[in-house]
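Throw the hints in and build the complete structure from the sequences for me.
For the protein sequence lines, the chains are A and B, in the order given.
Just so we're aligned: 48 in our numbering is position 48 of the first sequence, and the numbers increase by one with no gaps anywhere.
Convert by adding 291 to the 1-based position in the second sequence; the result is the number in our numbering.
Careful, some of the hints might be misleading.
[Unchecked claim] For each label pair, taking beta carbons as the anchor points, the in silico distance ranges come out as:
1) B/306 <-> A/225: 47 to 53 Å
2) A/28 <-> B/456: 47 to 53 Å
3) B/626 <-> A/205: 51 to 57 Å
4) B/385 <-> A/280: 38 to 44 Å
5) A/180 <-> B/293: 37 to 43 Å
6) A/43 <-> B/402: 55 to 61 Å
7) B/300 <-> A/126: 35 to 41 Å
8) A/120 <-> B/312: 18 to 24 Å
9) B/385 <-> A/33: 37 to 43 Å
10) B/385 <-> A/120: 30 to 36 Å
11) B/410 <-> A/197: 52 to 58 Å
12) A/180 <-> B/457: 31 to 37 Å
13) A/130 <-> B/456: 52 to 58 Å
14) A/180 <-> B/660: 47 to 53 Å
Hints listed in this document are in silico derivations from the structure and should not be mistaken for laboratory results.
The beta carbon of each residue, even a glycine, is placed where N, CA and C say it ideally should be.
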Amino acid sequence: MRMTRTAPGAVRIPAIVRPAARHVWPTLLKITTAVVVLVWLFPVYWIVLTSLKPVREINSKVPVFRFSPTLDNYRDLFVRFGFAKVLTNSIVVTVVSSLVVMVIAILAAYALARMRVPGEKHVALWILSLRFIPVIAVGIPFYLEWQQLQLLDTWLGLILVYIAFNLPFAIWLLRGFLGDVPFELDEAALLDGLSRLQIIRKIVLPVALPGIASTAIFTFVFTWNEYLMALLLTSVDAVTVPVTIAKFIMPYTILWGDLSAAVVIQLVPMLIVVFLLQRHIVRGMTLGAVK
Amino acid sequence: MALSLQGVEKVYSTGFKALNSLCLEVGNGEFFTLLGPSGCGKTTTLRIIAGLETPSKGKVFIGGRDCTHTHPRNRDVAMVFQSYALYPHMSVRENLVLNLRVRRLAQSEIDQRLREVSRMLGIEQLLMHKPGQLSGGQRQRVALGRSLIRRPNIFLMDEPLSNLDLKLRERTRTELKKLHERLQITTVYVTHDQAEALVLSDRIGIMNGGDLMQVGTPQEIYERPSSTFVAKFVGSPSINLLPVTARDSEGGLMLCLGRDGLDIGETALPATQEVLVQARKTDRLVLGIRPESVALRHAPAPGTIPAVIEIVEPMGSVNHLIIRFDGMAEPTIDGEPFVAVVRSNERFERGAVVWLTLRPDRLVLFDAATGMALAALSDAGTWRCV
Ligand SMILES: Nc1ncnc2c1ncn2[C@@H]1O[C@H](COP(=O)(O)OP(=O)(O)OP(=O)(O)O)[C@@H](O)[C@H]1O
Ligand SMILES: [Mg+2]
Chain A
1 MRMTRTAPGA VRIPAIVRPA ARHVWPTLLK ITTAVVVLVW LFPVYWIVLT
51 SLKPVREINS KVPVFRFSPT LDNYRDLFVR FGFAKVLTNS IVVTVVSSLV
101 VMVIAILAAY ALARMRVPGE KHVALWILSL RFIPVIAVGI PFYLEWQQLQ
151 LLDTWLGLIL VYIAFNLPFA IWLLRGFLGD VPFELDEAAL LDGLSRLQII
201 RKIVLPVALP GIASTAIFTF VFTWNEYLMA LLLTSVDAVT VPVTIAKFIM
251 PYTILWGDLS AAVVIQLVPM LIVVFLLQRH IVRGMTLGAV K
Chain B
292 MALSLQGVEK VYSTGFKALN SLCLEVGNGE FFTLLGPSGC GKTTTLRIIA
342 GLETPSKGKV FIGGRDCTHT HPRNRDVAMV FQSYALYPHM SVRENLVLNL
392 RVRRLAQSEI DQRLREVSRM LGIEQLLMHK PGQLSGGQRQ RVALGRSLIR
442 RPNIFLMDEP LSNLDLKLRE RTRTELKKLH ERLQITTVYV THDQAEALVL
492 SDRIGIMNGG DLMQVGTPQE IYERPSSTFV AKFVGSPSIN LLPVTARDSE
542 GGLMLCLGRD GLDIGETALP ATQEVLVQAR KTDRLVLGIR PESVALRHAP
592 APGTIPAVIE IVEPMGSVNH LIIRFDGMAE PTIDGEPFVA VVRSNERFER
642 GAVVWLTLRP DRLVLFDAAT GMALAALSDA GTWRCV
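The structure is reproduced here in structure tokens:
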């Protein structure tokens with residue numbers, strides 16, 4: 001009995017190999033994921049580390065991992081470079097333009113998704129083609145126009161430009177998301193006595209929230225990180241964070257300490273926005289609306 | 292409120308004509324049911340009444356007022372959608388009371404109606420749930436509740452009970468009837484279920500391909516269908532349509548079944564002069580006979596027709612018998628089997644030879660060419676024109 005159990009190896013080997021093979025792939029996948037995440041996160045880690053280092057250690061030939069952290073770079077940033085104003089500029093410009101973009105885009109997308117709009121067949125292409133234009137191609141004309149209108153280096157000047165840049169894409173995205181909301185919900189609400197605007201606010205918006213959150217993130221991140229137009233259209237009063245960060249790279253030196261502190265500060269609002277909104281980017285909101 | 296559709300036509304943007312010059316009057320407080328096969332335009336009709344579609348032609352009157360172009364919000368019409376259309380982000384309670392909130396009803400009134408409706412539909416336990424957490428039947432009840440709670444000018448219901456199980460459907464049906472009797476709100480109801488239509492309705496409209504074929508009380512429709520389509524559509528098991536030829540016989544009408552010259556009944560039945568004139572014009576007629584109007588005997592008698600029982604389908608209190616005639620491959624004009632209904636305590640076995648007579652009630656004569664009814668046999672036993 002015992003002999004027959006141990007002798008035929010051919011029977012036993014698959015029995016051992018199979019469960020092992022089942023573990024190999026998930027493990028490999030986990031390792032790969034970990035490696036990719038590490039590669040992506042390392043620069044962030046390094047920037048955060050650098051922003052907390054005393055200037056002497058930043059510039060040391062051998063990378064230093066053990067040091068006494070200091071907020072000197074941050075203090076320097078705010079005291080010497082007036083970063084508070086820059087940060088305010090960025091926040092005002094981004095928040096105001098994103099809000100305006102979302103309000104207009106939601107109304108426009110609703111109209112496109114739900115109502116007969118003359119020439120609506122061509123609107124999508126027209127909207128997207130605006131997005132295809134290289135920013136630099138319109139930069140100089142904008143500069144000249146803004147000069148005439150005295151909008152250079154003002155919040156309003158930047159806000160208008162960002163609205164113009166973001167609106168087409170936001171409308172295009174939202175049109176798809178709002179189009180996914182079942183038609184009959186609008187009709188039921190109409191019969192329940194809601195006006196069009198009430199329907200948008202109370203029915204369509206909550207149901208399409210995941211799509212709206214995604215669109216808001218796109219708009220916010222694009223504006224917050226935009227560099228080229230901000231560089232062209234601002235000089236002193238309305239400079240934004242990305243433009244200021246670039247200025248730390250000087251002809252003869254790079255102010256690594258200030259630069260990395262500014263980068264960390266620039267990262268924070270994006271993380272906040274993404275964490276706040278990602279909660280809503282869940283699928284299945286329309287579940288149960290119709291059969 | 293009374294409702295009136297006058298010559299309403301609907302051509303969709305695809306060019307498809309869904310409604311064909313529809314004329315319909317629904318009285319104040321009436322329960323009117325639209326019955327018809329899938330795609331015949333029932334939902335389209337409801338949507339036009341609600342104002343969700345504008346008719347391509349014709350007018351809609353609500354309470355005597357021309358509402359053809361009135362905004363849906365201002366019609367005070369409640370609709371139960373075929374697809375429910377519940378608001379997925381709102382709880383059942385919020386779904387139910389949205390309209391009352393919009394109309395700023397007092398909170399006490401809202402609570403009272405909410406209690407009443409949720410008790411009636413058995414959804415008290417579900418008020419905090421989201422529609423996504425409900426079963427199909429529960430969703431349907433919420434959709435129904437959202438309309439019932441409003442007490443509007445007009446109720447529109449698009450197959451509101453189709454997803455409920457039989458027992459619940461019958462219970463809700465009864466509740467609906469009670470509610471309608473109490474509130475007396477004009478209702479236009481769409482269903483596939485004849486039993487529902489017969490139980491609930493004051494009057495029924497039968498639709499086919501965008502046309503309203505016949506409007507009448509359930510009894511009228513059942514006993515005096517205006518065409519073979521209506522006759523076939525109402526009643527279960529459906530009516531037997533037999534090809535017959537007719538000839539005069541001493542002031543009456545002698546009907547000969549099929550080509551074999553079999554008499555129906557022992558004597559020819561009396562008919563009005565009008566019927567005789569009509570019958571002489573066409574040589575091909577169709578006799579409609581309800582399965583429950585077929586009487587079966589075990590022994591031959593004068594004027595009976597011999598037949599064989601092919602299949603016995605027990606249905607509980609009654610049995611459906613599928614019957615074959617000797618020498619007639621296809622007894623009915625539409626190739627359907629000939630069906631008789633007998634009480635299940637009457638013993639008819641499969642394969643048995645029986646002799647059948649047609650009870651002279653609920654018989655209808657149609658013109659075979661047009662399918663339109665010529666005459667019906669009234670209670671007095673005389674063929675009269677319809
Ligand atoms: N928006 C539309 N555009 C084009 N054709 C449509 C539209 N809505 C409905 N139809 C067509 O009109 C006809 C009637 O549709 P309707 O929805 O009124 O049918 P119904 O009687 O309610 O059928 P069912 O019992 O299956 O619900 C159908 O043939 C349908 O294909
Ligand atoms: Mg329908």
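Measuring from beta carbon to beta carbon, are residue 385 of chain B and residue 120 of chain A in 30 to 36 Å?
At roughly 33 Å between Cβ atoms, residue 120 of chain A and residue 385 of chain B fall inside 30 to 36 Å, so the hint holds.
Could you see if the CB distance from residue 130 of chain A to residue 456 of chain B stays within 52 to 58 Å?
55 Å, holds
Between residue 385 of chain B and residue 33 of chain A, does the C-beta distance stay in 37 to 43 Å?
42 Å, holds
Okay, residue 300 of chain B versus residue 126 of chain A on CB: inside 35 to 41 Å?
36 Å, holds
Given a hint of 47 to 53 Å, does the C-beta separation of residue 180 of chain A and residue 660 of chain B actually sit inside it?
52 Å, holds
Does 37 to 43 Å hold as the CB distance between residue 180 of chain A and residue 293 of chain B, or does it fail?
For residue 180 of chain A and residue 293 of chain B the Cβ distance comes to about 40 Å; the hint holds.
Between residue 180 of chain A and residue 457 of chain B, does the beta-carbon spacing fit 31 to 37 Å?
Once the Cβ atoms are compared, 35 Å apart, the range 31 to 37 Å for residue 457 of chain B and residue 180 of chain A holds.
Supplied distance hint 51 to 57 Å, evaluated on CB atoms of residue 626 of chain B and residue 205 of chain A
56 Å, holds
I want to verify a distance hint. Is the separation of the beta carbons of residue 410 of chain B and residue 197 of chain A within 52 to 58 Å?
Since the Cβ atoms of residue 410 of chain B and residue 197 of chain A sit about 35 Å apart, the hinted range of 52 to 58 Å is violated.
So does residue 385 of chain B sit 38 to 44 Å from residue 280 of chain A, Cβ to Cβ?
At roughly 19 Å between Cβ atoms, residue 280 of chain A and residue 385 of chain B fall outside 38 to 44 Å, so the hint is violated.
Determine whether the Cβ-Cβ distance between residue 120 of chain A and residue 312 of chain B falls within the hinted range of 18 to 24 Å.
32 Å, violated
For the pair residue 28 of chain A and residue 456 of chain B, does the Cβ-Cβ distance stay inside 47 to 53 Å?
50 Å, holds
Violated hints for the displayed structure, listed by number in ascending order: 4, 8, 11.
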